[in-house]
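One-letter residues, chain by chain:
There are 4 protein chains.
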Amino acid sequence: MQNTIGNLFRVTTFGESHGVGIGCVIDGCPAGVSLSEQDIQTALDRRKPGQSSITTQRKEADRVQIQSGVFEGITTGSPISLFIANEDAKSADYSEIANTYRPSHADYTWETKYGHRDYRGGGRSSARETAARVAAGAVAKALLQHLGIEVKAYVQQVYDIAVPVPYTELDLSTIDVNIVRCPHPETAEKMIAAIEAARDEGDSLGGYITCIAKNVPVGWGEPVFDKLPALLGHAVLSINAVKGIAFGDGFESAYLKGSLHNDAFYTSAQGEVKIRTNHAGGTLGGISNGEDIYFTTAFKPTATIMQAQETINKSGVATTLNPKGRHDPCVLPRAVPIVEAMTWLVLADCWLMARGNRV
Amino acid sequence: MQNTIGNLFRVTTFGESHGVGIGCVIDGCPAGVSLSEQDIQTALDRRKPGQSSITTQRKEADRVQIQSGVFEGITTGSPISLFIANEDAKSADYSEIANTYRPSHADYTWETKYGHRDYRGGGRSSARETAARVAAGAVAKALLQHLGIEVKAYVQQVYDIAVPVPYTELDLSTIDVNIVRCPHPETAEKMIAAIEAARDEGDSLGGYITCIAKNVPVGWGEPVFDKLPALLGHAVLSINAVKGIAFGDGFESAYLKGSLHNDAFYTSAQGEVKIRTNHAGGTLGGISNGEDIYFTTAFKPTATIMQAQETINKSGVATTLNPKGRHDPCVLPRAVPIVEAMTWLVLADCWLMARGNRV
Amino acid sequence: MQNTIGNLFRVTTFGESHGVGIGCVIDGCPAGVSLSEQDIQTALDRRKPGQSSITTQRKEADRVQIQSGVFEGITTGSPISLFIANEDAKSADYSEIANTYRPSHADYTWETKYGHRDYRGGGRSSARETAARVAAGAVAKALLQHLGIEVKAYVQQVYDIAVPVPYTELDLSTIDVNIVRCPHPETAEKMIAAIEAARDEGDSLGGYITCIAKNVPVGWGEPVFDKLPALLGHAVLSINAVKGIAFGDGFESAYLKGSLHNDAFYTSAQGEVKIRTNHAGGTLGGISNGEDIYFTTAFKPTATIMQAQETINKSGVATTLNPKGRHDPCVLPRAVPIVEAMTWLVLADCWLMARGNRV
Amino acid sequence: MQNTIGNLFRVTTFGESHGVGIGCVIDGCPAGVSLSEQDIQTALDRRKPGQSSITTQRKEADRVQIQSGVFEGITTGSPISLFIANEDAKSADYSEIANTYRPSHADYTWETKYGHRDYRGGGRSSARETAARVAAGAVAKALLQHLGIEVKAYVQQVYDIAVPVPYTELDLSTIDVNIVRCPHPETAEKMIAAIEAARDEGDSLGGYITCIAKNVPVGWGEPVFDKLPALLGHAVLSINAVKGIAFGDGFESAYLKGSLHNDAFYTSAQGEVKIRTNHAGGTLGGISNGEDIYFTTAFKPTATIMQAQETINKSGVATTLNPKGRHDPCVLPRAVPIVEAMTWLVLADCWLMARGNRV
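Chains as they are written, first to last, in the numbering used here: chain A, 19 to 377; chain B, 19 to 377; chain C, 19 to 377; chain D, 19 to 377.
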């Protein structure tokens, strides 16, 4: 069960960092969606390593192949299998990672859970798995395209450098203009400088990503356990390094009394039901209300650093882990398309679930 | 799908606030667990309304009946049906709520989603549904009892009044000593005063609950999509009024560089694998590492307030909603057992899932 | 998982034969369906014991209560909980069944599986559980009502007495005219006589039920694993005492070569795609083709008989089981509504699944 | 949902007959199972086309590649992706099949359901999809290997030529000795002759396969909806061309009264609980009782024949379908490993489910 997400738009990912390849099977995508490898490749290219000086220098072409479920450029209703061959899987020396538990990595817990572990490049616990999510997310996006929904994520904070204004004051079309994917130019510059400094120290930085889904119709999300924020929380908290998520005012909600936090309804000049504020972040009772859905998610700093670290080996003996290879000083710029992808996956599922609302 | 949670320990809740009653069916609880109605009642009594001056004055006995799945005080492996009859469902005048969309309530979204809505007392969107969760959580707790796991939640913050120390410096056995369920006496006093003031103003307050799970064995949680934090996030974000959740250092993680945030492994004098810090909050790669799992969750202020509010009716006409009846100025004290229950449900599911780890 | 059936129209049953009661929760029924307790009661009355001289004389009123999910006579989209209190659960002497494995009953396998068993009246393995299925089936029928679908089952064979003509030559509106539910009067008379003879000998009889679903739209059933016959097979083979199922020509298919078995397409005068024969029984590639779906299912003779039987007790010691109480010499007449109910459940699920076919 | 089978041992298949390839992802296989490509290849070779003069002459190497989930020859607990590239997918002329509904094929129903269809070689409705099932079945077999379970299927009947003795009188180790996979030599010879005659007439034959699972422990299968026969029925009825399934005495059960059909318990000399007869076919109340589980399944004759057939095209115009290419006069010999595979899949799932029986 653990490698599948979604109730009706079901995505199962597979593959290890340095095995044959990674991929996913999407079961439940309706027939009739225009879909090309290029649609998916475009999404993957935003996530792939080696894009800029502030991300990992690992080189992966990350070429996706559609193996099934699409015929003459249209989905057929059959499972869509997407495959990305691994290319950078050189026969490295894995003896250290094979025998040592890297701090804040999953080596120890996987080893204890399964007794046996593909340690090459982190195996399945590698963030490389998220490429399959991004590929699946592109399919979800293609499915929902005709509804006019937009999903935009950006880097809101790196270390202690935060965008000083809410998303409503940003031009979200400029997110990809800079390499840190922050649509606030001055802040972006400072973030880049901070990441470069951390990179040079062999250290790493965390931060926040904010994501906004616009034009989601009213009525998506299932009440009770599959509320829209619960599904988004599940999806986003399943991304490596994510430590928290907050919707609308989130943790700031506590600082407003109910009389100020409540979002008052009114009828717009066009006769639409609207709310004057959007403290809730686009859902009421877990169901979309037609306003922007927005949330912020926290990433811890990358666990891999280029500094010596105290740890133990598989026999429990203390040892020092020495830095080796490449590291990603800040995952946030590359995590932007991942957060977007998870949001698309949830929205696609909610759309299909909502078809069961009424007779 | 929307009213069921869990992969193997599956809980389906049902019932509306002012219908015949509410309840749940638990499917997947192994045979051989000692379970009595009293075990469940004890949990329910911590959630029930009318406990103190700072919660709603609605009176519900909330007596649970075990309808199936338990024989001679032991679970049989068959579904456990729990039923709680509604008692306070007087034939009130629901004409206002039937025709008006209460601000920050689910009236509008349910109506739009389903076209038809049981409006009596909020119907199924009422927080009364959480009684069924608490009942189910008591069964999960009984299931895990022999493993020595403890789950403790407390009120960490109300409005802007926060416990000034981390959970590790609190005596978690004193949570229920005061009516606000905060184990820091001075803070508890201030919280109670703030809630009383809000109540008298007809207003409401939000806040934070911190929850800790101790003694969870290494290896629980499924990698990739069903990481332990993802499952907990799903479960907790499905509680009414929850707007965010953060694990370990959570949103504070951003303020530490990797070199400081990484949790270093060592071997204890007893030969156990331990970590020197617990910034991660008890999981690595989404799998429990044997340390305390802890998280904090944010609740918005209660939507129902005793003040006049601007809104619209079903026809879209502007109207004023006048206060009526009873309100809960702060749900946090009663939400403590709900957060614990959701945590127990996730842990029970993870335990059963983990049985499939190895041959 | 074991007590739930359906992907989108999900039915979870609970309860034991002699506990508080039995029931089910239906999750996934769309809002907007007219539904009354009487709709369900009518279905239950066809299954209830004590209907006639050829079924068990056990008396159960089997009054159903809708506990949730219906408001003002219309489903709300919320889970529908149905409850049937047990009335005939007198404090009988269960010492024999508690300690002895009844031949061809589930006592031994449940005991071995779970280590603990509610033996009162067979507990959860009792055919009484099927009352909850019939209740759920009535909801599925109400959901599909507007589509003009009809589901009709009848007793095709009892012991070696078989209806000599295919269903197409019977008047299916006369099924309930006689107590054996066989719409072929001469055969019905012989069946009744055979059952009465078996009853008087303290013996029991099996037989076949044929079921026909008319007017199912083209395109229901999911290709590959959830083919319509696979889902129907799953559902029907989960009924107590069922030992086989066959679709269309079924086991007779082997006796026709492909050139004779293939169903030729033609276009009707009304411009509809039709087939000249219906050897396949209404599906092609597991998907409904618009023709009658029909299948036959075999029931073994009732395990409970009024004759002394050799067996062993829980300690493995040989013993003789002496007849006691009431028995049902032939379950088929009462199984007719159960087979229909399982068919309705599958069809409801397929309808909802089919909503995901296309964009 | 439609392309996945299993609750805990979950297999998702993908791929079309003449696309890039076909395959499956197995999620839920525990870590620690020895597994090689050769284990899977051996199973595939029994199913592959072109094995003998009585099956299709289509040539496919059907080489399987393990893409993930296995490291150093041992499963890791991660999803196992298996891929089989298509080789025989020459750019044939598909114009006829693209525009014409072949009798008793899925062309019409898929087209109507999805509005868009990969018609090349039948696309996803092709029996080629079963290669992925056989591959997955080999993994399930490897998982259960240490339990001593054996699954053996054989061709019991072709057209009207049936093995005249029950399986208990056959030497099941000789199934693969002849090309029709019937362990009764005289019958095998007659079957082969009949298939050759049908092949020469351009016609096709159906028949029965009997399958036996030995040494299944007591207690597998979930009571109520996921009874072992219900799961097996679901799995087997999802195979192309299967029209019926019967367990134990199956449809013959009707001809025995209860007093003769009941299987009497006794204690063996070794102190084991045994039954004197096995009319039930190895399950009681849907749960394995330790005896042989056996069932027979009916296959209709292959739809593709080398004779002219009346049909219609997509516009509804009557046309004649002329024979072209290759055909499989009888699928049963190659279906033997498919039936076995589906049985292994169900047993693997039941084993994992049974881990949740008790605390």
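For the record, the hints were derived by calculation from the structure and aren't laboratory data.
There's no promise every hint is true.
Since copy identity is lost for identical chains, a pair holds within one copy or between any two.
[Stated by the list, open to error] Computed list of lysine-lysine pairs in DSSO-like fashion (alpha-carbon distance at most 27 Å, straight line):
#: 1; residue 1: Lys232; residue 2: Lys332
#: 2; residue 1: Lys77; residue 2: Lys292
#: 3; residue 1: Lys77; residue 2: Lys342
#: 4; residue 1: Lys77; residue 2: Lys232
#: 5; residue 1: Lys208; residue 2: Lys292
#: 6; residue 1: Lys232; residue 2: Lys170
#: 7; residue 1: Lys332; residue 2: Lys77
#: 8; residue 1: Lys342; residue 2: Lys232
#: 9; residue 1: Lys332; residue 2: Lys208
#: 10; residue 1: Lys342; residue 2: Lys170
#: 11; residue 1: Lys292; residue 2: Lys342
#: 12; residue 1: Lys332; residue 2: Lys292
#: 13; residue 1: Lys292; residue 2: Lys170
#: 14; residue 1: Lys170; residue 2: Lys332
Being a predicted model, the structure only gives us computed values, none of them experimental.
Here's how the hints hold up against the structure:
In this assembly of identical chains, Lys232 and Lys332 lie within 27 Å of each other by CA distance solely across copies; the values are 24 Å between and 48 Å within a copy. Taking the shortest Cα distances, Lys77 and Lys292 never come within 27 Å of each other, neither inside one copy (47 Å) nor across copies (35 Å). Taking the closest pair of Cα atoms, Lys77 and Lys342 come within 27 Å of each other only inside a single copy of the chain (16 Å); across copies the shortest separation is 49 Å, beyond that limit. Taking the shortest Cα distances, Lys77 and Lys232 never come within 27 Å of each other, neither inside one copy (34 Å) nor across copies (42 Å).
Neither within a single protomer nor between protomers do Lys208 and Lys292 lie at most 27 Å apart by alpha-carbon distance, with minima of 37 Å and 37 Å respectively. Taking the closest pair of Cα atoms, Lys232 and Lys170 come within 27 Å of each other only inside a single copy of the chain (8 Å); across copies the shortest separation is 38 Å, beyond that limit. In the homo-oligomer, the alpha carbons of Lys332 and Lys77 never lie at most 27 Å apart, since the shortest distance is 30 Å inside one protomer and 49 Å across protomers. For a Cα distance limit of 27 Å, the shortest separation of Lys342 from Lys232 qualifies neither inside one copy, at 43 Å, nor across copies, at 35 Å.
In this homomeric assembly, Lys332 and Lys208 never come within 27 Å of each other (Cα to Cα): the closest approach is 41 Å inside a single copy and 49 Å across copies. In this assembly of identical chains, Lys342 and Lys170 lie within 27 Å of each other by CA distance neither inside one copy nor across copies; the values are 35 Å within and 41 Å between. When the C-alpha separation of Lys292 and Lys342 is checked against a cutoff of 27 Å, the pair qualifies only between copies, where the shortest distance is 24 Å, while the shortest distance within a copy is 55 Å. In this assembly of identical chains, Lys332 and Lys292 lie within 27 Å of each other by CA distance solely across copies; the values are 13 Å between and 58 Å within a copy.
When the C-alpha separation of Lys292 and Lys170 is checked against a cutoff of 27 Å, the pair qualifies only within one copy, where the shortest distance is 22 Å, while the shortest distance between copies is 40 Å. In this assembly of identical chains, the alpha carbons of Lys170 and Lys332 never lie at most 27 Å apart, being 43 Å within a copy and 32 Å across copies at closest.
Checked against the numbered hints above, the structure violates hints 2, 4, 5, 7, 8, 9, 10, 14; every other hint is satisfied.
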